[in-house]
Amino acid sequence: MSSTDMAQAQPQSGRTAGVFSTLRRNVPLSIGLGMLWLVTMVLVAIFADLLRPYGITAMDLANRLATPGNVKHWLGTDELGRDVLARLIQSIRVSLVIAFSATILSAVFGTVLGFAAAKFRGWVEHLVLVLADFQAALPFLIMSLAVLAFFGSSMLLIVCLMGFYGWERYARIARGLAISASAQGYASAVVQLGATPFRVYFRHILPNVASTLIVSMTLTFPEIILMESGLSFLGLGVQPPETSLGNMVGFGREYLTRAPWIMLAPAVVIMLTTLSISLVGDWLRDKLDPTVR
Amino acid sequence: MTAPLIKADSLTRVYQLRRGLFGKPTPVRAVDGVSLSVMPGEALGIVGESGSGKSTLGRMLLGIDPGQSGTVTFEGKSMPTFGTAEWRALRAQMQLVYQDPLAALDRRLTIAAQIGEPLDIHDLLPKDERPARVEALMAAVGLRHDQADRYPHELSGGQRQRAVIARALATRPKLLVCDEPVSALDVSIQAQVVNMLCDLQEDNGIAMVFISHDLKVVRNIADRVAVMYLGRIVEEASSDVIFAAPKHPYTQALVSSVPVPGKPLVGRTILQGEPPNPANRPSGCAFHPRCPLAADICRTTVPALRTIGVQRTAACHLVEGADAPLAA
Amino acid sequence: MIRFVFTRLLRAFITILAVVTFAFVVLRMSGDPAQVMLGPDVPQDAVDAFRKAWGLDQPLWIQYLAYIRSIFTGDFGVSMRDKASALQLVLERIPATLQLTIPALVLKLLIGIPAGVYAALHRQSIIDRGVIMLSILGFTIPSFVMGLLLVLIFSVSLGLLPSGGQDTWMHGLLPTITMSIGGIGILARFSRSAMIEVMGQPYIRTASAKGLKWPDVVWQHALPNAAVPIVTIVGFMVGSLIAGAVVVESIFSWPGIGRLLVVSVANRDLAVVQCILLMIAATMVISNLIVDVLYGWLDPRLRAQTAH
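Residue numbers (my numbering), protein chains in the order written: chain S, 78 to 370; chain G, 99 to 426; chain R, 748 to 1055.
In case anyone wonders, no lab produced these hints; they're calculated from the structure.
Among the clues, some could well be false.
Claimed, not checked - Output of the computed footprint for chain S on chain G, the stretches with three or more beta carbons under 8 Å from beta carbons of chain S:
1) 189 to 195
2) 200 to 212
3) 369 to 380
The beta-carbon is built from N, C-alpha and C at its ideal position, and this holds for glycine as well.
Bound conformation, chain S alone (with noise of 0.2 Å):
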């Protein structure tokens, strides 16, 4: 940045006009594939119950292990009979809905320990630090199927548990976000402003925070759909009579050489919608990190 006061900055045009002028321009055709799936999966997500043209447990005794692109059943039938397609909907539901609530339980949870942490220092600090290595420490999967192992599998648990995978991450940026805020930063001159210091984490460390933090819940929200889909694969994830990706995989794999459809169509969405994930997240980071441009 020139520091003479006669060159002048380039002014940003009216950012929100910008924004979509930017997108149109500056989105590469994979990423909008990507965004377009995601978008996808939300809406069947939401509308699943007008979208399903069956019930998850219907059995067509009939029309047993049917194959795709029958016109009653257009990605087939499983063994006792009950629509793919159907399940597949329900499925994406339950796991978007793990995902999406784990994610954010964990972004909060880490975002407040992290702050907390910056906060009061001394042994909040200590304390948050010490949990924060000792997740990291443990294989996320062993330890969700050791606590599953005491407790038994319910769905309320596989939320709470997915809710703490990855919240380590968030305590760490945000407590370094934090820390550099406040040191000589804009955080402490608000304070000197006097500004409640509900004022300065909401107003400001919080916002400016919020950018990485975004990053960091698109680079978890796909690892907690591999997570619960492989836990729900083992059986001890979702359980029946609910359906989930993994769990549809999971019952599927025994079909594998008479009917592969079963498996084939859950995995292919798992597999679509974690890369679609991870792409359009990379490339959110780029774009928000002004260091990159």
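Given chain S, work out where chains G and R should sit, using these hints.
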């Protein structure tokens, strides 16, 4: 004789410097028994090297850093503890201008929003009158009207510092503490900003404490100057007097290094030795290892700050005309 | 350097202690430990005797200390299914898991790192784009999907490789490949970005300007500096090898620790679960410790920082 606006009495701040996880903590006296006062509308310059404690002193005056001993009185009332509601309310009367304007501004908000923020925090003007005040403030510091919607990173260094100053003035404070406000700016801009501060100070009758390591800058703006060395004031006098006839050897060395345009720089006193390390104070007078006039007494006894003339004090064993000690 | 190692050892110890405490707390929260340890169909007086023998009527913190002592003497209790010592069961299965995880780790290192480094050195080339795409696929496709797909292709359609069991070395091929693909993807990506960042540093340009031949610049300057972040990731991978094995062993019916864990969780065989949990935690902590020490050796700045 009007009462001082702000008065500091024997302020001391010691903090513990810990080497590594298992080292012994060493106490560091950042500020050691400093007393001073500032009259309403007066500009006091505080000069010193890094490590002299001038920034810490500035923060203690505002009540940001607590002291181990000593008091600060503002308008006759003692300074509330940092973080309390009274302390926050008092901010409307006293403000701090930092060295790094980019760090002091929130990069996500326009400067107009930030200049107006104190009005929001202290709920000073009715909402519809605030934009007008922000405009007036921007004009007073020399920012253009169309720069109101800019973000900090879109402005130059000098413009950012002006924005920070405008924000500090928003509540019409009675005291402004400026901690190296122009050190991060280009030399040509420094003069502009200092002149602007000067004008603002005189027009509005704001008392100012101007902290800097650069004598040339302080000379332009300060009515009185206090020179600090390793946490203590070693000389204090009006600005003209200190520049014309400094008495303390340290002040003499500093003043002799200030170039005067048109004249060659002669008679410079070059100081020997390293800049002082507050964690490792020399015995006796802290300046003695580098003092060209050091005598035996300087090695053993800490010189007290004594009156040596009208409105003049100095802390040196070798200065004549010394009265009874002011403060030890 | 000694002080550095000491502080790291201390932290490692504290972490293990934390995991043991976690296991203790969760164990106590989930039900009567006597019941848990002995099994569900044991008469009440046996349970009472057990409680006395194990000091379960003592205050909680004494129990905690006794628990720690039993852990460190290798006594994890008895598996509910087999009535054999839990530790015994677990130890028996370790070789099987190692047969998969060690080759997988080797594959990850041998393919992932060179691929990433090569891609970084030849930016925008086909190899670079290929590596990026493959690595993204590698870590977005979950291992269970990958495993099943491989089975579909190689076992079912092509009939080349067996799909389950542990009989011949050919049985181990698909599981090993499945386990390594994700890791190859991650390592390639990380190595690539670590190299890119190092290559952008001014000292690389200086080395080249000094007249040093390009291969020497890469080997002597770029790679050692890029090694630090890469070593971190490898450390994580080593520590979480067993986690990766869990799913893969289940798919391929491979009789290793991972499969044992899944089965034990399904049966709520807490003694075995505990044992595996602690063993994994110990592995991770030790591998992180080794990584930290390696760090200190690789990067003198880190050593200097913590030395005072």
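These are the hints, each one checked on the structure:
1. 189 to 195: Result for this restraint: holds, n = 4.
2. 200 to 212: Since 6 is at least three, the answer is holds.
3. 369 to 380: violated (count 0)
In this structure, only the earlier hint numbered 3 is contradicted, and the remaining ones agree with it.
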